[in-house]
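Chemist: Got chain A sorted already, so can you dock chains B and C onto it with the hints?
Same order as they appear, the protein sequences are chains A, B and C. Heads up: the first sequence begins at 21 in the working numbering, then just goes up one per residue. Heads up: the second sequence begins at 7 in the working numbering, then just goes up one per residue. Heads up: the third sequence begins at 8 in the working numbering, then just goes up one per residue.
I should point out that these hints are in silico values taken from the structure, not numbers from a laboratory. Possibly wrong hints are sitting among the right ones.
Derived coverage of chain A by chain C (criterion: at least 3 residues anywhere in the stretch with Cβ under 8 Å from a Cβ of chain C; other residues may be distant) [stated by the list, open to error]: (1) 89 to 96; (2) 196 to 203.
In the SDA-like style, the derived pairs of lysine to any residue whose C-alpha atoms are separated by at most 25 Å in a straight line are [to be verified]: (3) K179/A - R389/C; (4) K179/A - D462/C; (5) K612/A - S60/B; (6) K589/A - A302/C; (7) K453/C - F176/A; (8) K453/C - A185/A.
Residues from chain A that keep clear of chain C, each with C-beta distances beyond 10 Å, as calculated [what the hints assert, rightly or not]: (9) R48; (10) T81; (11) W85; (12) G165; (13) L207; (14) N226; (15) I373; (16) H380; (17) P410; (18) R554; (19) M563; (20) L582; (21) M613; (22) T618.
Keep in mind the model is a prediction, meaning the values are calculated, not measured. Where a beta carbon is used, it is the ideal one built from N, C-alpha and C, also for glycine.
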Amino acid sequence: MLQTVWLIPLLPFLSAVLLMVTAGRMPRPLVAMLGAGSVGLSAVVVLLFGMQFMQAPEPYTLTLWSWMRVGDFAPQFSFYIDQLTLVMMAVITGVGFLIHLYSTEFMEEDSDYSRYFAYMNMFVAAMLILVMADNLLLLFLGWEGVGVCSYLLVGFWYKDPANGAASRKAFVVTRVGDTAMALGLLLLFTELGTLQIQPMLDAANNTWVSGDTLPALAALLLLGGAVGKSAQLPLHTWLPDAMAGPTPVSALIHAATMVTAGVYLIARTHGLFLLAPDVLLLVALIGLVTLLLAAFTALNQHDIKRILAYSTISQIGYMFLALGVGAWSSGIFHLMTHAFFKALLFLGAGAVIHCLHHEHNIFKMGGLRSRLPVAFWSFLIGSAALAALPFTSGFFSKDPILISAFEYHGSIAGIGPWLWVGGLLGALLTAIYSFRLVFIVFFGEANTEPDRQPGWRMAGPLTLLCVLSLFGGWFALPLASVFPAESAHHPSMLIEGISISIPLLGVLVAWLVYYQRKVSVSRFTDSPTGNSLRQYWHSGWAMDDLYDNLLVKPFVGVSTLLRGEPVDKVYNGIVGVCQLVHRGLSESQTGKMRWYATSMVFGLIALITFLGWGI
Amino acid sequence: MMAAASQALLAPLVLSVASLALMMQIAFRRHSYTSWVITCLTLVLSMVALVPMSKLVPLQVTPLLISDQYSLFFSLLILFATLITALLAKDYLQHRAGENEEFYLLLLLSSLGGLILVSATHLASFLLGLELLGVALYALIAYPERGHLPLEAAIKYLILSGAASGILLFGFALIYAALGTLSFVGIGQQLTQLELAADRQLLVLIGTSMVFTGIGFKLSLVPFHMWTPDVYHGAPSPVTGFLSTVSKGAIFAALMRLFIDAQLYHYQGLMIALSVIAIASMLAGNLLALQQSNLKRLLAYSSIAHLGYLIIALVVYGALRQPQMAVEAAGFYITAYIVTSLAAFALLSMLSSDVRDSVLGNDAEVDDIDHIRGLFWRQPILALMLTIAMLSLAGIPLTIGFIGKFYLFAVGIKGSLWWLLAALVIGSGIGIYYYLRVVFAMSMKPQDSDQVLVVPAKLTLAAKLVICILIFTMLYLGVLPQPLMEYLGTVTV
Amino acid sequence: MILPNLILVLLVGGALAWWSERFDSSWPRLVALLVVLADLSYLLSSLTTVPLENFALVPVAADPASWLMSYQLNWIPRFGIRFELAMDGLSLVLIVLTLVLGAIAIVSSWTEDNQRQGFFQANILWTLAGVVGVFLAMDLFLFFLFWEVMLVPMYLLIAIWGHEGKAHASMKFFIFTQFSGLLMLVAIVVLAILQQQASGIWSFSYFDLLNTSMDSTVAGWLMLGFFIAFVVKLPGFPFHTWLPDAHTQAPTAGSVILAGILLKTGAYGLIRFTVPLFPEAALEFAPIAMMLGVAGIIYGAVLAFGQSDFKRLVAYSSVSHMGFVLLGVFAWNALALQGAVMQMVAHGFSTAALFMIAGALQQRMHTRDMNQMGGLWQQMPRMGAVALFFVLASLGMPGLGNFVAEFLVLLGLFQVNPWMTVVAALGLITAAIYSLIMMQRAFYGKPDDSRRLTDFGSLEMTAMAVMIIALVWLGMYPQPVLDLVQPVIDSLAVEVPLVAERGVSVGAVQ
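Extracted from the complex, chain A is given alone in its bound form:
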C-alpha cells in the first residue's frame, strides 16, 4: 500500500491533463466527476496510506526516477513522507476535495468549466508534489507549479484586464521570493553538496555551527521564498489583489494551501533555521509585524473577500510567529485549523456572493441571517474559529502560539512578552474585524435580496467544514517525532486568562460598534487624522504605492526609454559616418577632366614628397 503513494499526485495530474487535452469537449457532468472525483480519490488514497503509515510511523521514501545527474548534482524524482507530509497531504486533498465539490456547483454557469477544473487539478497535483518532495529541487518544482496555477486561476476570467493585472502581480511578486529561494538552493548545494532535504540538514548540522554566516544566509534566502509565497511582509501585496479569481480558488489556494507553503518550507527545513537563530527571530518579527499590519488593514476593508484576504495574511503571520519562536507543531497545527475555518469563510463568502449577484461590498449586504442560513452559520462558526473563541479549533491552535511567544528565549532576551502582547493585540483586532463582518453582513437592514439558495454541493462542504472548524482542534497532531521537543507549557493562570478573554473582548467591541451601534467610530474616522489613517490602512499601509514608485515605475520607465534600442545608435553612427564619407568622396567625382588631371598631379607631388622625405 505504501508504494502507491505516487498515485496521490498522479490522479489529479492525469485528470488535469485529460481535461486540457480534451479542451472543453467533454460533457459537464463528466468534467465535474473527473475534476472533483480525482481529488476525492486522492484523498481516499491519502487516508488509506495514512492509516497504514501510522501503524509504523517511520519516514517513508519512494524514488520514482533519477531526474538528472551531472557530477554530484543528482536530484531524484522521489517522495519523502513523514507525519508532517501526511498532515499537509491530508489538508490538501481533504479540504481540496471539499472545495472541488463546492466548485462543481459554484462554477456551473461558467463557459470555461473544464478549463477551471484542469487548472484546479493541476494545482492540487503541484501542491502535493511540493509537500511530498524529498529534495528541494523537486519541492521547487511544486513551488513554481502552484505559483503558475495560482496565476492561471487568479486570471481565470481573462476578459477583464484587471484580473490579468492581479494575476501577473501575484506571479511576479512571488517570483521575487522564488528567485531568492532558488539562490538559496544554489548556495545549499554548493556548500553542502546535496539538495536532498534530510541528508542536507544532516550535512548542515555537521558542517556548520549555530550562528554561522552561511547557514544564516541560506536560511535567509529560503525565508525570501517563504515570505513571497505566504504573503508576508514585505512581499504580501499580491494576495489581496489575487481575490480577483473565483472564490473557491481563493479558498483553496489563497487560504488553505498554497499560501501556507512558506510555513511548510520553514518547518520542513527547521534544522537549517535552528542553525540561524537570528533568522528565526526575524521570522517571528516578520510574522508579528505582518499580522498586525494586515489586521489593521482588514478592519478597514469593505470588500468581503479582501477582508478575508488580509485576515489570511494576518493568520499566516501567526504561523510565522509560531515558527519563529520555535513552536513548530503549533504553527503547523494552526496551519491546519486555519485551512478549515478560512476555507469555510471563503466558501461561505462565495455562497453569499454567488447568491447575491456577485456583490462584494459588505455595506450593500445586510440582514442575510435568515435569508441565507447556510452562509450565516458558516460565517458564524468560521469567524468564531478565526477569532479563536474558546473551544473552537482556532482557539486550540492559536493559544499555544501566544504562550510559546510569551516564553520565547531567543537571541534577544526579554522580547518574548512583547511578542505575546503584539500577538494579543492582533487577536483583539481579529475578533473585531471578523465579527464586524458578521454583524454587517448578516444582521441589520437587508439591502440586497438573494436570488437563490446554495444547493447540496455547496451546502455539503460548508457543513463539513463547519464541523471541522468547530472540532478540528480537539485532537493533537502526531508531529512530535518530526520536530525538536518543545518546552512544556506552564503558563500562569493570568496569562492564560488574558489570552482567552481578549478575543471575547474583541467580539464585544464589534457587537457594540457594529450591531448595537452604541459606540460610534465616526467621530474618530471623520477627523482629519482619523480619516487619513483610515485611508492609509485601507490601502494596506500604502505598500502598493511604495512598490509602484520604487520598482514598477522605474522599470517601465527604463524599458520605455530603452525600447528604441540605444545600442543600435552606435552602429547607426558607424553607418552614418560611412555615408558621410561616401557623400564627401562622391562630391569629388565632379566629372570635370581638369579636376581629375589636377588630382593626378597632386598625387604625384604627394608621392614625390613622401619618397623624398627619407633622403
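Modeler: Coordinates of chains B and C only, in the frame set by chain A:
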C-alpha cells in the same frame, strides 16, 4: 634560335597575323559575322598556342621579352577575357547601328598589347605593350558612334591616359638618366649595387614616383582613380569589362614583374607609400560604391577597391620568407577578379544587347540598379550569375573570390601587414553592403511600375556559352581550387 | 560516408524541392518535409550501427574511432585543408535539434502564402545543410565555409519573403554576421600559420590546431576574433541588435530556423572552438564574457518588456535567454556547460514555437502589434493554450527543459562567481514580467467580437505537440541528453581543465 624564339612567342604572333588577316578581310569584304568568327578562332588558337610555348619556358627572347610560366599564365587570362568580350560583343553590337568589323580588330590589337605587357622585361617593351593596349582601347570605348556618353568617356580616357603615359615615359627617362639601363633586372642591379650620388638618387626617386603615378592611373588606384567611374560608365559594357579585366590584369602583371626583377621591395619608403595607396584605395573605393545606383559606376569603384586589395600581394613580397606565395596569391586573386568582373559585365552587356523596344531607347545601356529589379523572377539564370559574381566580389565562400581573399589573408598575415589587413577587413565589410544591394534588387518582386525592365528576348548561343563558362569557373575554382593553386605554385617570375 | 550524406541529402533535396515546383506549387513543401524527415531517419537509423558503448566514450582527437562517426577527405592540400567531418554527442544533439526544428519550420510555412514555394523551401533546406555542416566540420576552413554559406540562403529567406522592413533587416543581419566572420577568418588563418611555422606543415584541422603554442597576447587577440564572431551570432550584448530586426522581418519559417537553430551555432562555436583553442586567454577573458552574458540577460529582458511587436518581444527574450548560454560556457564547469547545452536545445524549441505562434498571428491578423490583439483566447483557445505553455517554458517553469538549463547554468556559475549569479538570477524575475505581459496583451483581455479567426489546425497542433513533448521530456528526464553531452565535456576537460566544481566560494559569498 629563331625557331625557338618564334615558338616562344607563338601566341602574340598568331594574334599579329590574325590582326593583319582581319584587316584584309575588312578591306575586301565587310561582314561582321566573318570578322567575329575569325576573332574567336584566333583567340582560341592563341590559347592553344600557349601549349607549345610552355615547352620552352623560360626563354628570354631578345632583351625585351621573356616567355615563362608567368607570362603564359597571364597570357591565358588575357586571351580568355578577350574571348569572352568577343563573344559578348557580337550580341551587344548586333542591333546597334554602324559597322562592327573594326571592333574585333581593335580587340585583337589590344589583347596583343596585353600579351606583350605580361612578357615585358624591359621598360621599352613595357611601354610598347602599354600603348598598344591603350590606344586600341580609346577607340573601343568610343566605338558606338551614337550617344555622347561613349565619346565623352573616350575623350576623357584619351587625354588623361595620355597624360599618365607621358608622366610614365618621363619617369622612364629619368630612371634611364640616373641608372643607364632600361631592363628590369638591370635597374635592380644598379639600384642595389651602386652607391648612388645624391643627385642621381633624386632622379631615381622622381622617376619612380612618376612611374608609379602612371601605373597607378592605369590601375585606378587612389588618388589617381578619378577617371574610373566616368569611363566605366560611358564605355559600352563589353568594353568596360575588357578595360576592367584585360587592361588592369596585364598592367598589374607587368608591374609585379618590374617590382620583383628590379627588387623594388627593398625600399621601405616605397613600400609605405604603396601601403598607403592600397589602404586608401580599399577604403575610398568601397565607400564610393556605397550608395551608388549605377551598376557600372559601382563596379568601377569596386575595381578600385579590388586593386587596392591586390597591392597587398605586392607589398608583402619582400616580407615573406618564401616570396613565391605572394606571386601565387596575386595570380589567384587576379584570376578571381577577372572571372568575376567578366561575369558582372557580361550580364550588363547581355541585358543591353536587346533594348530595341524598351523605354530606355535604342542605344541605351542597362546599367542601373533599378533596371535589374526582379530579375530573379524573369531570368533566373542571369540573376544567378550576377548573384554569384556579387558574392564572389564580396568574398563569400564557395566562390572563387573567397579563395582569392583567403590567399590575401594568408600572405598578409604571413607578412604581418596588420594595417593592410585591417583595411581589407573593413573594406570587405563595407563592400558586403553594396554587393548585396544588387542581389536584393534582383530578388525583389517585380512591380507593375517597372516597365523600364528590359529582358533579352532570348539568350543567344554565345550568351549561353559565356554564362556557362563563367558560372562554372567561378564555382569550380571556389570549391576545388587545388589545381589552380598547384599550377600557380610553378609560376615564378 | 554517413556524415557527408547528411549534408548532401539536404542540398540535393533543396534542388529537388525547387524543381518539383513546376508540377504543382504545393509540392515543394511536401518534398522539403519528406527530405528533412528522411534525413532525420537516416541519421537515427545509422546511429544504430554505432556500438552502444561508444556513446559513453570520451572523444579523443587522435582516435577517430572514439567519435560516434567521422569522415575525412583531402580537399585543398596546398593549405592542408581537408573535408573533415566528425560527430560526437554534442553535434548529435544539435543536429537532431536542427532537423526536428527544420521539419517544424517547413510545417510552419504550410499555410503561409509565400510566392515561389520552390525556391523558398530550397533555401530552407540549404540553410539546414549549412547548419548541419557547421555542427560537423572539424576543419576550421571547412567550418568557416559552412559558417558563411548558411547565411546566404537565410539572407534570401529574409530578403525575398520578409515583411515590410526586409531590406534593412536582411542587410543588417548579413553585414553583422559576415563582418564578424571576417574577424574569425583572420584569426583562423593566423592560427593555422602559427601552427605551420611551428610544425612546418599546413593544417586547418581542429585537432592539429588544438595545442598550438603562442604567446598570450596573440592568443588573446585570436580568441577575441573567434569570440566576436560567435557572440554576434549568439547573440550577445552588445552585438545583438541585428537580431530583433531580422527576426521581426523574417517569414515564420525563417524566424523559426533563425531563433531555433542558427543562434545555436554561435554557442556551439564558443564551446567547441573559442575555449579549447585558447584556454588561458578564454579563462582570462571569462569575467568580461560573463559580464556580457549577465548584461544580455537583463538588457534583453528589459527591452523585451518595452516592445509592442509580438515578434520583437520574443526576439529580445532570445537575447536574454542566450545570455545564460554565454554565462554557462564561460563559467566552464560541467554543470554550467551542461546547462548551456540544455539551454540551446530547450530554447530552440520554446522560441521556435513562440515564433510560429507569432507567425500564425501575423498571418491571421496581418499585424504583429500586440496593441491590436487582446482576448484572442476567446477566438483561438488552442493557440492560446499552446502559447501559454511556451510562455511558461520560456519563463523557466520547473519541469520543462528551460528550467533545467537555467538552473544548471546558475548552479555552475554560483560555484565560480556567486555575485554574478545573483544578478543573473534577476533574469528569472524579468522573464516572468515580459512573458506574462505578452500573454496578457495578446491572448487575455477583452476580445474583439468582430474578428473571425481560425484556430490552429491539426497540422500545426502536431508540430506544437512535438515541441511540447520535447520540452516536457527535457524537463522531466533530461538524462539522455546529459549523458550524450557528458563525454564531450570530459574531452574538453582534457584540453581545458574545468573550473573547480565546489568549495570555491566559501569566502566569496560572505
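Chemist: If a hint holds in the structure, say so; if it does not, say that too.
Modeler: Hints, one by one, checked against the model:
1. 89 to 96: holds (count 5)
2. 196 to 203: holds (count 5)
3. K179/A - R389/C: At roughly 16 Å apart (the allowed maximum being 25 Å), R389/C and K179/A satisfy the hint.
4. K179/A - D462/C: Within the cut-off at roughly 18 Å; holds.
5. K612/A - S60/B: With Cα atoms ~47 Å apart, K612/A and S60/B exceed 25 Å; violated.
6. K589/A - A302/C: Distance ~18 Å between K589/A and A302/C Cα, so the pair holds.
7. K453/C - F176/A: 13 Å, holds
8. K453/C - A185/A: 13 Å, holds
9. R48: Non-interface label stands for R48/A: nearest chain C Cβ at 17 Å, farther than 10 Å.
10. T81: 19 Å, holds
11. W85: 7 Å, violated
12. G165: 7 Å, violated
13. L207: 7 Å, violated
14. N226: 15 Å, holds
15. I373: Nearest chain C Cβ is 23 Å from I373/A, so the label holds.
16. H380: 21 Å, holds
17. P410: The claim stands: P410/A keeps its Cβ more than 10 Å from every Cβ of chain C (closest is about 44 Å).
18. R554: 33 Å, holds
19. M563: 18 Å, holds
20. L582: L582/A not clear of chain C: closest Cβ-Cβ about 6 Å, inside 10 Å.
21. M613: 36 Å, holds
22. T618: Holds: least Cβ distance 36 Å, greater than 10 Å.
Comparing the model with each earlier hint shows violations of hints 5, 11, 12, 13 and 20; every other hint is respected.
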